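Participant: The chain contents come next:
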Amino acid sequence: MEAENNIYTVSVYTENNIGLLNRISAIFQRRHINIESINSSVSEIEGVSKFTIVVNITEDQMKKIIGQIEKQVEVIKAYFHTDEDTIYQESCIFKMKSDLLFEERQIQNIIKESNARIVTVNRDFFVIEKSGRKEEIELLYRELSAFGIMQFTRSGRIAVTKDEMKISTMLEAFQA
Amino acid sequence: MDTKTIKKETNTPQTTERISGSEAIIKCLLAEGVDVLYGYPGGAIMPVYDELYKYQDKIHHVLTRHEQGATHSAQGYARISGKVGVAIATSGPGATNLITGIADAQIDSTPMVCITGQVASHLLGSDAFQETDIVGISTPVTKWNCQVTKASEIPEVMAKAFYIAKSGRPGPVLVDITKDAQFEEFDFKYEKCKGVRSYIPIPKLNHSEVDAAAKLINAAKKPMIVWGQGVSLGQAEAEFKAVVEKAGIPSAWTILGAGAIPTSHPLNIGMVGMHGNYAPNVLTNDCDLLIAIGMRFDDRVTGSLSTYAKQAKVIHFEIDPAEIDKNVKTDVAVLGDAKESLAALLPLLEEKTHPEWHQKFKDLYAIEYEKVIKNDIYPTKEGLTMGEVLKEINSQTKGDAAIVTDVGQHQMIACRYANFNKTRSNITSGGLGTMGFGLPAAIGAKMAAPDREVISISGDGGYQMTIQELGTIFQQKVPVKIVVLNNEFLGMVRQWQQLFFDKRYASTEMTNPDFVAIAKGYFIEAEKVTKREDLKDAVAKMINTDGPYFLEVCVEKEGNVFPMIPTGASVSDVRLE
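If you're matching them up, the sequences are chains A and B in order.
Numbered by our numbering, the letters in the first sequence go through residues 1 to 176 in order.
Numbered by our numbering, the letters in the second sequence go through residues 1 to 577 in order.
Looking at chain A on its own, in the form it has when it is part of the complex (with noise of 0.2 Å):
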């Protein structure tokens, strides 16, 4: 029987070092696997980095995976997550026409409604941002496509765990 597919946030906790980002979606790629979402960023602890992959596997692949990824030497701790164990977010921003503002009402509506904001206006065009969860964001994007979109960037996911991550006691623990 083949086994489920599931959407996992990985969260890697890591020394800040040239090369790791290399090494760590090397693991993925070894084995054919498309990673959906890469965010890098500094982490709730000095010098250590976090990296959060969205990736979509069965859970025994996401186990062996997280193993592989916390055999690298300067990977300090890694862990997964399914939906249900995070809090999690992305954001997006579109830039678009200045005149659709005034011409299409109905736009003001959709900023409204999805709870999107308004970055900057000029004469040229205008950047809306909004966060929020994946289908949040697709929403948006298929209501303002119908007036042309100039550019659309979203970012990879974020997310928070609602359990706790032990990472901050197994540093201290090195530096006492």
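Honestly, the hints are just simulated from the structure, not real lab data.
Here chain B is said to cover these stretches of chain A; the calculated rule only asks that three of the stretch's residues, wherever they fall, bring their Cβ under 8 Å from a Cβ of chain B:
#	stretch
1	20-26
2	73-81
With a cut-off of at most 20 Å between alpha-carbon atoms, the simulated SDA-like pairs for lysine to any residue come out as follows:
#	chain 1	residue 1	chain 2	residue 2
3	A	K63	B	D298
4	B	K398	B	T263
5	A	K71	B	P201
6	B	K381	B	E488
7	B	K160	A	L20
8	B	K326	A	F80
9	A	K64	B	D299
10	B	K194	A	A173
11	B	K326	A	D60
12	B	K166	A	Q68
13	A	K64	B	Q106
14	A	K77	B	I324
15	B	K160	A	L171
16	A	K71	B	A103
17	B	K398	B	A449
18	A	K77	B	K204
19	A	K166	B	V196
20	B	K221	B	E245
21	A	K63	B	L305
22	B	K204	A	E70
23	B	K194	A	E15
24	A	K77	B	V196
25	A	K64	A	S25
26	B	K192	A	E74
27	B	K326	A	Q68
28	B	K520	B	D546
29	B	K329	A	Q68
Just so we're clear, the structure is a prediction, and the values are computed from it rather than from any experiment.
Beta carbons are placed, not taken as given, at the ideal position from N, Cα and C, and that holds for glycine.
Use these hints to put chain B onto chain A, whose structure you have.
Facilitator: Chain B only, in chain A's frame:
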């Protein structure tokens, strides 16, 4: 699972001295106890070679004939001694030529540090002459790698490189050093690396898992051990032998595990896997408890996973958490260093002998002997077999020689028919299956263990992949014994073509040169044997020669290696013919 973090130890500061980055590299190597390194000079590594010239009384550089040879020599050195092997090369093609050896060391857990020169930092990314992104290229095949662009970074990175290469599950590390960093002067001081905060080399032993393992072992009626290289990497041979003997468990080995207990030990039941022995393969699917120690359930060991040891409970003693449940689901996983884990297990075991269970192995061995072994080592037909050559070499060296093989039929035959009295005696490319590994690896092995007889055994195919290293043997006067089993075929591929591709011998037949003349061209004494009656004397002459020696043995052209588990078949469907 508990994880243990490493506490940083504070070191007393040492006095500093102002030296160049390249001299610092040499001082780091000396501080790590490196006495020999293998490499090839070139533009971007010249400052380091200049220092090697100045330090030649303290550190011996071996000029190989190709950078791949340097890595395999470093691997041979590491595999026989347990020390870190070191290879050095220039940027660009010098660096890319290291990759095969690095990949081999990664999959076979061999401690190795590779140092590459790199173009000056201001040229990085400019497609400069001999520039290549070796850190990017080597990332998937190194345990760790790092680029250094400032001399001041050299001591810490080198210390970390050696620490990571040899600690925990060993592996290859690459350090790429720009040319300007090699020239730059700085205040040098060296501190050995004691720990890296994000890295847990040895998981903390969980004693309740050891207890659970002992309970299963004590209750088992038909237990079987399969051990791998983890036993010798963990220097756990004595603890392992004590466990095997006390619990009376038939024990089989993977190709890299060979020799951790002598081949002749009554509880040693032979090799598992594709060309392993009949009994341990068949009885893997009959045992009630499979105890895996320091091995990783490679597909060449397990055959089809869906039919592998399904009836048995599985215990896995392992240092690398990523190996647990990777290929075979375990009932009990004991994470930790083999030496510590087995020492903890020993007092919990009951003394057992399992005579009926042992008899099953003996019965199946008798079948294998009749159908395969007898004909391999005591052939009556015309044409020398690889098996009889191996047996002759092995008996004349009394099982004490280190045998360094290449990859293919001769490799399987060597593993099957050599008796190994000592640990670290079977040096071979197991995971990557690198043809061309043998000859250069034998150079490193002999240099690391000059008191041991080191015999390189290759086929005519793999031998020609790194044949240029005869030049290294000649120049360095390395007294290795070189045997080529010549069947004028890429024998293993030909065997598969015969069995699975209706004898369509696509590009496997070789028209070979005069190997004896080539060896003699390098001023290496050489002989060729074609007849059975000449074999014994030829082997004796080889062994009694003080310097390097080359022996070509012409064997039957279409000999096959059996037993064999066809790809995708179950271990219990192992074929004897």
